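Single-letter residue listing:
4 protein chains.
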Amino acid sequence: MAKTLRVGMIGCRFMGRAHSNAWRQAPRFFPLKANVELNTICGRHAANVQTARLQLGWQKATTDWREIVESPLIDIVDIVTPTHCHAEMAIAAAQNGKHVLCEKPLAMSVKQAEAMLAAAQKSKVVHMVCHNYRRIPAIALAKKIIGEGDLGRIYHFRARYAQDRLADPEFPLDWRLQKATSGSGVHSDINSHIIDLARHLAGEFKEVCGLVHTFVPERPLVETPAKSSPAAKAARKMGKVDVPDSAAFLGWLDNGVLANLEATRYALGRKNHIEIEINGSRGSLYFDFEDMNRLKFYNGEDPRDRRGFHDILVTERDGVHPYVGHWWPPGHGLGYEHTFIHVVADLVNACAEGKAVAPTFEDGLKNQRVLAAVEESSQKGRWVKL
Amino acid sequence: MAKTLRVGMIGCRFMGRAHSNAWRQAPRFFPLKANVELNTICGRHAANVQTARLQLGWQKATTDWREIVESPLIDIVDIVTPTHCHAEMAIAAAQNGKHVLCEKPLAMSVKQAEAMLAAAQKSKVVHMVCHNYRRIPAIALAKKIIGEGDLGRIYHFRARYAQDRLADPEFPLDWRLQKATSGSGVHSDINSHIIDLARHLAGEFKEVCGLVHTFVPERPLVETPAKSSPAAKAARKMGKVDVPDSAAFLGWLDNGVLANLEATRYALGRKNHIEIEINGSRGSLYFDFEDMNRLKFYNGEDPRDRRGFHDILVTERDGVHPYVGHWWPPGHGLGYEHTFIHVVADLVNACAEGKAVAPTFEDGLKNQRVLAAVEESSQKGRWVKL
Amino acid sequence: MAKTLRVGMIGCRFMGRAHSNAWRQAPRFFPLKANVELNTICGRHAANVQTARLQLGWQKATTDWREIVESPLIDIVDIVTPTHCHAEMAIAAAQNGKHVLCEKPLAMSVKQAEAMLAAAQKSKVVHMVCHNYRRIPAIALAKKIIGEGDLGRIYHFRARYAQDRLADPEFPLDWRLQKATSGSGVHSDINSHIIDLARHLAGEFKEVCGLVHTFVPERPLVETPAKSSPAAKAARKMGKVDVPDSAAFLGWLDNGVLANLEATRYALGRKNHIEIEINGSRGSLYFDFEDMNRLKFYNGEDPRDRRGFHDILVTERDGVHPYVGHWWPPGHGLGYEHTFIHVVADLVNACAEGKAVAPTFEDGLKNQRVLAAVEESSQKGRWVKL
Amino acid sequence: MAKTLRVGMIGCRFMGRAHSNAWRQAPRFFPLKANVELNTICGRHAANVQTARLQLGWQKATTDWREIVESPLIDIVDIVTPTHCHAEMAIAAAQNGKHVLCEKPLAMSVKQAEAMLAAAQKSKVVHMVCHNYRRIPAIALAKKIIGEGDLGRIYHFRARYAQDRLADPEFPLDWRLQKATSGSGVHSDINSHIIDLARHLAGEFKEVCGLVHTFVPERPLVETPAKSSPAAKAARKMGKVDVPDSAAFLGWLDNGVLANLEATRYALGRKNHIEIEINGSRGSLYFDFEDMNRLKFYNGEDPRDRRGFHDILVTERDGVHPYVGHWWPPGHGLGYEHTFIHVVADLVNACAEGKAVAPTFEDGLKNQRVLAAVEESSQKGRWVKL
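Residue numbers (my numbering), protein chains in the order written: chain E, 16 to 401; chain L, 16 to 401; chain Z, 16 to 401; chain W, 16 to 401.
What the hints contain is simulated information worked out from the structure, not anything from laboratory work.
All figures in this text were calculated on a predicted structure; none of them were measured in a lab.
Accuracy of the hints is not assured; some may be wrong.
A pair holds if it fits inside one copy or across any two, identical chains being indistinguishable in the list.
Said to hold, decoys possible - Pairs of lysine-lysine residues, derived as DSBU-like cross-links and limited to a Cα-Cα distance of at most 35 Å, are as follows:
(1) LYS395 / LYS126
(2) LYS194 / LYS400
(3) LYS75 / LYS221
(4) LYS194 / LYS159
(5) LYS158 / LYS248
(6) LYS395 / LYS221
(7) LYS370 / LYS248
Using the sequences plus the hints, can you model the full thing?
Structure, rendered in C-alpha cells:
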C-alpha cells in the first residue's frame, strides 16, 4: 500500500487556487508513488481561510503558519505567500524536516536564498521552487530536443515575458508593486521565470548587462471606479511604485550563448506572452505560452526544400510527448493549470523516493543571483559578472 | 443551505474520465446553485469499475446501470456509454424522474431520439446532450457576437472536423467503427459536433446534399504490433468497417445561409481540428479548436485601413469573456476538459432551478435528423429536404 | 543569336497590366530561349489603348484585334479580354499560326473550348491557358512533393477561393457579373482556378455534385457615391446579376480522392484567399495565397515527437525551390505579379522550342467540363458524371 | 511635357539588380512627376558591366564611375557599391550637382557620413539613403497609425533582424564580412536597417548599451564544395572575419521609449525576419518582413471582448493603404522588390520638385552615430550617450 503524503499549504489566494487544484488533480491523472492528502491550508484571515478550505478542498484550516510547519502530520509544506514571507517559512519547514515547495521568486535576496538552500540541504528534505513553466509539455519537449543535440551549438537564447495589465496607469498598487512584499516587482515576478527557462534550456549566466525600470512610478492605492468624477480621481490616495515594472538585459551564458531577456507589463495585447526563441547551428526552437500546446522546431537537417519550422502540436500520447499521455487524445490541448499539476506529480514522486527534483532551491538561488546582477548592472550602467 | 444533487454516471472509459473530472471540478471553480455529489459510477466489468471509482472520485460503483436510474438517491444520470446504449438508458432515467445528461450523438436513429425526447418531456426532467464544444469560451463569444448582429446577414457557414488517426490503415477496428455500437461512425461521432455548432451559431438546416464514405473498409480487430512479421500480419483477423469514416455535405440553413461541413479522420497533421468560418455582410468569424483559446473576428465596420481579423485571446475576466472569469488571469489558457466543466456547471444550475439548458434532447433530435438526411442524400445522390 | 518572339496582346485593362508586366520582366530575370518583343497592344478605344501602350511598354497600338492575329510579324497572341471574346480571337490566332496565351476561363462553354483546342491542335501552335497560380513557387513545390510520392495515397483535396468584394450589395454590376460577357460569374472566374489546381495537384474529376448560387441578384449599374441621399439611391438604375456569385461542390477524382471546392466573393476579410489542403496517407499540404511565399507540409514520416506542419518559406535559391532562384535572396518574398512572369517565361521557352506547355487548351477544356457539370448538378440537384 | 531625369548607377551586382528593376518599374506603375531614363551603369569589369547593361536595361555602360558623376547628362547618381566606396562617390556626385541615392549604410564612419551630408547640403541636391524598408506598405501604415496617436505613449520598441546564412561556418568570407569593405559587418549591414526603423517609427536614440560580436572568426575564402575531402577541407585557405557577425543592444529613445534591437545571421530558419513590435498606452503594432503584406495592430480602444491584434492585409486600394493602390487588387500581395520601386518613385518626385525626401543623408548620419555608439558601448562595456 502506497504511503500517504500530507500537505500543508501556506497562502490561499491566486496561487493557492492553482496549487490546491494541482494537489487535487495530480492523483487523478498521474500514477503517483504516494497518496496525497490536502491536509491543512493556512491564511491570515480566519473567515477567508475557511471559505478557501471548503472551496479548494482542504481538510483543515489555520491562520498560524507555524502550526503547519511544526505539525508532525505534515510531510510537504507548500508556500504560496508573497515573496517576503518565503524565507522564514521555508527555513522553518525545512528545519522541521518537511519537504518544501516554494513559489517563485525563491526569496527577497541572494542572502535569503542562500539561507533557504542551506536549511533545506542540512535537513535533507526535498526542496523545489515552483517555476511551473518548465513542465509545460512543449518546454519539456524543447528540453528533450536540445538534450539530444538537435540544435547543435546554441548561438542565441531570446525570451520575452510580456503582459499588459500595467499599461493602464489606473491599475492600482498591489503587493507585487511594492518592495517590502515583492522584492523587485516585475523583475522578480516574471523576469525570474524566463531566467529559469534560459538556465534550464541553454546554460548558466556568466555576465549580464541591462536595466530595470519603472514606467509609471505612482499608482492609485485602490481600484478607481471607471466612472469616477475628476474630483474623485484627484482626491484618491496614490502610492509609490518602488520596484521595477519592466526589465531588459543581455547576457552571456557559460557556453558562448548570447542571451536577450525582457520582461514587461506594458505590452498591450500581450496577455501572458512568454516567447522564447533558441537558435543553434543545427536547429531552432520557438515557443509562445499564449499557444502553449505548440512548439516550433526548425530542423536544419531536413531536406533543403522542405525546411521550415515544424508546428508541433505537443499533444501526442503513448510517451511521444512529455506528460500529455496522462491527459486527453491528440489535439485536445491543456491549459495553464496543468503546469502546476505536473510540478506536483513530479514532486510527489520525488518525495516518495527521497530524490531531488528540479528546479531545486539551488536553482532558485542561482536565479536570484542573476536577478541581483541585473539590478547591479542597471545601477552601475555596465556589465556585471556572476 | 444549497441543495445537493447526486449524480450517477453510466460508463467509465474516455468520456467517463472527462465527465468525472467535470463533476469534480465544476463546484471548485463555479458558484453553483446546488452542491454536487459524485454518487455512483457504473461499468460493465466489476474490477474496472472499482478502479475507475477510486481513480475518478466516485463514492460507489456498480455493474448494473438500472441501479443508477432506479435509485431514489440519484438526481442526475450522466450517460457516457457507446451510442447504442443511450436510448434505453436515457428513457429509463427520465421515466424514473432523473435529469439526464447524455453524450452525443444522442441516439442511433431519429426514431430513438424522438422517443428519448418524448420521455424526457413527459417526465419534465432537465435533459441535455453533451455537445461540449458550445461551451468553449471562444464559441460562446462567437455566439454573443452573432447575437448582437455584428456579422449582419450571414452568407456562409463552413466547418471541418478533421483528425488523423484513421489515416493509418493499421489502426484497429473499435466500437466507433461498427454500426452496431456507433450508429454511423465518423458521421455521427464528429460530424454531429459541427452540425450542432452550425445550428447553434447560424440556423436550422432546411436541405442537405452530400455523402458519407468509408475510405478503408477493413481493419485489424486488434492493434497490430509495429514489428509484426508479414506472416503475422497476414494471419491476423480483420473486421469490416460498416460505418462511414468520413462525410461531407452542403446545406441550406433556414435563413439563406450556405453551409459546407466535412468530417474526417484522414487528415494527417490535423489532430482535433474543428475549424469554423462564418461570413456575414458586416463581419466574419474564424475558429480552430487546436487554438481553442482564440477567436478571430473580422469587423467590417472597423476603419478601412485598420480592418483585419482581430486575433482575440478569449481569456479576459470580469465578465468580458464567457466562463473564463472563473479560471485564471488573461492569457492563461484553458484546455479541452474545461468545456465539460462548463457543461456541468450550467447543467447543475439548470437542475437546481428546474430550467431547460441547451443543447437539449430536442437539439439532439434535430441533429439526428440532419445526420439521417445526409445519409439519405448519400444513398440517393441528390438533395434531401428536412 | 537567339530568335525574337513578337507578342501581340488583345485587351488592355487589369489583366493587360499584369501580362504586360510579365512580358517586360520575364527576360530581365529569366535566361529565356528567345528574345521577347512587346510588339502590339489592342484595345477597343483608341485613346485608351494609346495611353496603355505608353504606360505598359508596347511598340504599337491598334483597336482592331484582327490586325494582331493576322500580322505576319506577330508570333504570340496574348488574349486578356473578357471571356466572351476568347474563342473567336484564339481560333483566329491559331488559324493564323500564332502561339496563343489565353486568360481563364478558356471559354464561355464546353463547345467553344472544344473548338479552340481543335483549332490550336490543327495549327500545331503552342497553346496555353493562363492559370497563373500553378506557377506560384509554393504550388510548384507542392506539385513536386506530391510527384515524389510524399503524400502517399491522397484522401482529400479541399480548396476555397474566397474574396469579399461582393459582400457589399452596393458593389456595382460589372462584366464579370453578366452572363453575356463572363459566362458564369464567380464560378468561371475564380472557381475555375481551384478546379485547375485540383486537376494539377490531385487528379481528374469523375463526378461532381454541388451548386452555383446568386446571393445578391440585383446591383447598381454604376458605383453609388457613399454619401448618396436615399432619394438618389432609390432613383439609380439597377441591373440583374444573371450569373452565380458563389459556388460550392463536392467531387470524386479518378483516383478516389474526395474533393471539396468552394468559391465566393462574400467572405468578409478574405481578400484573395486561395486556400488548399491536401491530405494523404503519408503527408499533408496546406497553402493560402494570402501567404503566397509559404507552403505547409506535414510529413507523416518525421520522428513522432517532431511531427508538425513544416512552415516552408519557399524562397530558397540554387534550385532548391522552383522559380525563386531567379529572384532575390531567401526570405525576400515574391508577389502576385510574379506568377504571370513565370507563366510567360515558361511559355516563351516552349514557343522557342516548339514544345507544349501546361496548362494547355486541353486543360482549359477539361476545366470547362467541370464547370459545366457543376452547373448541371446545381440545376438537377444531383450528382453528375464527367 | 514632363522633364526627363537621367540616372547613372554605380555598381551592378545584387543591389544593382534591385535598383535597376526599380528604375524600370516605377514609371510603369506610378504617375511620376518626371520621366526616368536609365542612362548609364558602371561596374569594375568591362565584360560584366556590358552583360549587366543588357540584362538590366541601361543605355550605356562604363567602368569609370567618374564618368557618371561628371557627365552633364546625368541628373541622379545611384550608388549601389560596397560601403567603403560610398563617401567618395556620393561627395563627387553632389559636388557635380547630382541628386544622390546611396545604399545603406551611408558610410564607413560618422566622419565620412558628416562629409557626405555636408557636400549634399552645400550643393543643394536631393540626397537619400536607401533604407527601403520604410516604404513597405505595412511599415508606411504603421507610421500613419503612430502619427495619428493610436498607440498613445510608446513604452517599448523592439526589433530583430534575423537571417541564417552565417549559421553554417562553411559559408565563405565575402565583402560584407571584411572591415575594409563593409565597415562593421552585420552591424552596419542589417542592424542599420532596424535602427532606421526605430528612428522612423519611435524616436531618436539618446543612449545605448550593447554589444557587437563575432561568433565565427574565421571562414573559407571561397565556397567549399559540399563533397570536399577532409584533406581538401584542411588545405583550403581561410580568412579572418574582422567585423561583427551579430549585434544586440538596449537603448533609450528621446521620448522615454525603451528600445531593444538585435541583428544576427545565426538564426536558423529565419530568412529575412525583420520583426518589430511597438507597445504604447493605447495600442501595439507587430510586423515581420517574412509576412511583409501584413501588419498587426492591437487597438486598446476596441470593445473589451473584441480586442485582439487586427491582422491587417495591407493591400487595400483607393488610398486606403499606402502605395498599394498603384499595384493589384486587395489580397494580391507585393514582394521585396516593390520596396525599391517605392523608394525610386518618391525620389523621382522629390527630384522633379526639388524637395527633400527621407531618409536623407542626415538620417544616414544619425544612423551612423547609433552604430558607432553601440560599437563604443561594446568596447567599453557600458552605456554610451549620443
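What hint numbers does the structure not satisfy?
-> 3, 4 and 7
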